[in-house]
Each structure stands twice: as C-alpha cells, then as structure tokens.
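Chains A and B, in that order, are what the protein sequence lines are. Residue numbers are given in our numbering: position 83 of the first sequence equals residue 83, and the series is strictly consecutive. In our numbering, each residue carries its 1-based index in the second sequence increased by 1000.
Hints are supplied without guarantee of correctness; some may be wrong.
Taking CB as the label site, the calculated pair distances span [what the hints assert, rightly or not]:
1) 1279/B x 125/A: 26 to 34 Å
2) 1129/B x 61/A: 36 to 44 Å
3) 5/A x 1329/B: 38 to 46 Å
4) 1152/B x 12/A: 35 to 43 Å
5) 23/A x 1329/B: 50 to 58 Å
6) 1309/B x 159/A: 33 to 41 Å
7) 5/A x 1214/B: 26 to 34 Å
8) 1082/B x 5/A: 37 to 45 Å
9) 126/A x 1044/B: 41 to 49 Å
10) 130/A x 1203/B: 45 to 53 Å
It is worth saying that the hints were derived from the structure and are not from the lab. No experiment lies behind these values; they were computed from the predicted model shown. From the three backbone atoms N, C-alpha and C, an ideal C-beta is built for every residue, glycine too.
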Amino acid sequence: MERSLPGFISVAFRINGETTRVTVPPNTTLLEVLRNHLRMTGTKEGCGTGECGACTVLINGRPALACLTVAGAVEGKEILTIEGSAAGGKVLHALQRAFLDTGAVQCGFCTPGMIMSSLGLLLKNPKPSVEEIREAVSGNTCRCTGYHKIVRAVKKASQQVAEEEK
Amino acid sequence: MKLPYFEYVRPKDLREGLDFLDQHGKETAVMAGGTDLLVQLKQRTESPATLLDLQEMLPGSIRVEESFLRIGPMARLVDIRESGVIQERFPLLAQAAGTVGAILHQSMGTIGGNICLDTRCLYYNRTPQWKRSWPGGACLKAGGGTCHAAPGNKRCFALYQGDMAAPLIALRSEIQITSSRGEKVVPLAEFFTGDGGTPHIRQPDEAVTEIRVPIPPGSQKGIYLKLRNRESIDFPLVGVALVVETDGKEGITGFRLVISGIHSAPVLVPEAADFFLKKETSALCLEDGKKKELRKLIEKKGITIDNACGSPRYRREMAGMLTLTALERISGRQ
C-alpha cells in the first residue's frame, strides 16, 4: 500500500478479475470504494453495521461484509462483486438464472448479497444440503420472499452446475 | 454510516507492529477481523487516531505442539470451525465458533478478536445522537459520571458477550501477550478484569500473540449452548460452556462450567464441580433437588441488571436452564 496525498491512501487490488488502484481517505470502507469510487452500485448498503448482509462480496473467495471492511485491508486481495459473477458481464451465473426462474427476487435489494453469500457456499461446497444453504444465507436479511424461494433457487443452481459439469 | 477519520497502518511483521504500539498504542485501535470494532467506530464509541490492521502482523495458524493446541489470534472463526485437528481433538471449540454471528461474521472474525471483544451495554452501544438525548448524559464507560443501568454505581456493568472465551476457559486455555517489553503467558480466565470499563488486562502497547489449549490426558467432552435473540446472528444473552473430563477408574475427574453474558467477564463456576467430581458419569443426570440447588448457585453468580435484551430475571434463569440442558446433552440423555 502506498502513501499518496496527505490524508489519503492508495490501495491496489483485483476486482472482478481486473487490477485496479484507488486513492481514498483511510476511513473509507470497501463498500464506499465500490459504490462511490468505482461506480459499481450492484453491492448495496443496508444497515451499515454488518447485520443485513446486503453488502456481501467475496474477498479471496470468502464471503465478507463490504461495509465492515476498510479499504486498506483489501490491498493485494481478489474481490468479486455481483457485477463480476456473470461470465464476461453478459451470461448470467447459474445462481442468477435460478433466482429469476424460481421467483426468488421481489424488490431485489437483498439479492446481490444473497447471491454472493450463496456463491461463496457453492465455491466451497458445490452440493450443499438445504440446511447448509439456510446457514450460508443466514446473515442476509430479506424482507420480501420469506427465504423459501431463495433456498430453492440456490439448490436449483447447485443442481444445474452439477449437470452442466457432467 | 461513515467511519470517523483515522490513519490506517498495516505492519508487515510483529516487530514493526509492536514498535508502533509502543509509541502510539494509547491513541491506536487494533483491528483483527473488524466485525465489531468497525461498528463501534461508526457509532463513535471509539475514535482512535490510528487503526492498526493486524492481518500481516499476527499469525492465524492452528497446530498441535508440545502438548498444546496453539492457535494464532488471527485464525478466522470459520478456520476454527473447519479445522480437522480442532474437530478431532476439541470439537467444543469448532462447535462454539459455529455459533458466532452468521457465516459472514465467522469468515471475517478471528478468535483473537472474539476473545478481546469489548463489553456491551444497552446504554453504551448507541449512536452519539441517542446518547445525547438520554437524560444524565454519557454513561460511565463513555466517560460520564454515572451508570444508567445501575444508577448511583461507580462501576461499569457492561456485559462481556464473547462466545469463544467461555469454552476456552473451560478447556483451561492460556493466552500469550507480547509487547516490546517482553512476553507473558497468563491463564485466559485471568485475562479478564471483571470491570466493564476496562474488561481486559491487555495494555495499549501489547498484542495477543497466541492462544494455547492444553491437550487433556484423559477423555474429555464439552458443549457450548447459547441463548440469543435471533438464531442466525447476535451476541449471546447467555452462553454456557461445559467441559467434563472422565477417567475409567475414578469417574468424573474434571468439571468446568463457564458462563458468558451474565457479567463483565466470563464467569467460572467452580462450586458446580462439587456436584460431580469423583462420581460415576451417571451422576451427570441430577435428581430434581440437586438441579434446583445448581440453578440457584448459578443464578447467584451473575450480575444481571437491566442492560441487555431480555429481563435480568429471564437471563439469570436461562443461565441455569442452559446449564441443565448442557448436562443432559453431555450425558447423552437429550
């Protein structure tokens, strides 16, 4: 991490496969970097205190709360956001397709966080049980769908990924 | 919510970090996973000049060496939960790590950070606006003159609500604390002061550098039960850790009960061992009279006042109830 202007830090990391560098005040969160500096507004701010999971991204493949991550902490890390989950930014990920197909989206505010938490699970455990899915999204709050369709969507996506790999 | 302004430093190794803490420790907040600290910063309960990121300074390794399980303070809770060696030798720790927050917090939070968690209170963990609106101004922990939870008291009653300390104390763990002055190892139970204002003995120039859990000579069983508002998230209103050690000849040779959430430090209940030591394992199934006696003993141990969700009486009674449930589960009756 480089010192740049007084009162600023310069942080380099990879975001959705591309190397980037931002110069921000040290009290900037990763969420603010994504939304305000990189204009990637797919990641949402809900509570801002780590209780709702709307800001979930993957840092080095692990789900993490962008609102509780300071920018300096991601120096040298690999970050994946909802914008990067679709291949080439065009073909929807199996999870995204399954969310659409099963009606697991209503207002859509929690959806990026839900998908990133689910993606973190599928990367580690490609064939999760319903219990494991429920636990994986337990840090993400949804006020519309009642969770059943979300769990169904993740299960469907895991089955689709398994079929596509055959 | 915006973080207050601070300088950010990320020391590359222990020496660099300890040198920094030696010079600037008093105005520095140290960050492990950040899941609790950043919330506190956003709420302005802390406003340090510098935020020191421990991620490269301290290890996160988990290994067995010289009759101890040695855990680096930066081991993520998810690592503790999924570690093969911990699942095999100390399933209690893996189970307890799985109860902290949600997966998101477990994949960010560390064991060192969870142990060093600051104490919490309904009157302290609030925004500055809320605090200003409260009659009487800031509470003791926030630098004011009185405790709002127990008016008239000159002692802070904020609660220690970490999950990992209780099972670690029940397992007789030790903690290594290092500074540029040297290093010391203390039993984890002695790491906590019991004062809500300054809950730990860690000085501003010190860092927790290792957690050591002794490998027991005989058979050991443990369980951690937690009461919380939302099953998916939340700090423990009550956390009960129970470890029972047995020997084929002498029956129960060790019994350690530690309760979190009912005091400003995890509470060890040594008197509970009198009910079980040197008895057959069947003694874990208490008769009704003894159950009542044990519950009363536990209810007297905590200082439950109206400073957390759930009434003091409810939390007191649940500490006893969870202990009885833990006993039943450990004896295989439930």
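Status of the hints after comparison with the structure:
Checking the proposed 26 to 34 Å range against residue 1279/B and residue 125/A shows it is violated: the Cβ atoms sit about 43 Å from each other. Hint check: residue 1129/B to residue 61/A, Cβ distance near 38 Å, so the stated range 36 to 44 Å holds. About 58 Å separates the C-beta atoms of residue 5/A and residue 1329/B, a value inconsistent with the hinted range of 38 to 46 Å. For residue 1152/B paired with residue 12/A, a C-beta distance near 55 Å fails the hint of 35 to 43 Å.
Range check, residue 23/A to residue 1329/B: about 54 Å between beta-carbon atoms, so the 50 to 58 Å window is met. For residue 1309/B and residue 159/A, the hinted distance range of 33 to 41 Å is satisfied, since their beta carbons lie about 40 Å from each other. The hinted range of 26 to 34 Å is not satisfied by residue 5/A and residue 1214/B, whose Cβ atoms lie roughly 51 Å apart. Distance hint check: the CB atoms of residue 1082/B and residue 5/A are about 42 Å apart, consistent with the given range 37 to 45 Å.
Separation of residue 126/A from residue 1044/B is about 43 Å and conforms to the stated range, judged on CB atoms against 41 to 49 Å. At roughly 48 Å, the beta carbons of residue 130/A and residue 1203/B sit within the given window of 45 to 53 Å.
Going through the hint list in order, the structure does not satisfy hints 1, 3, 4 and 7.
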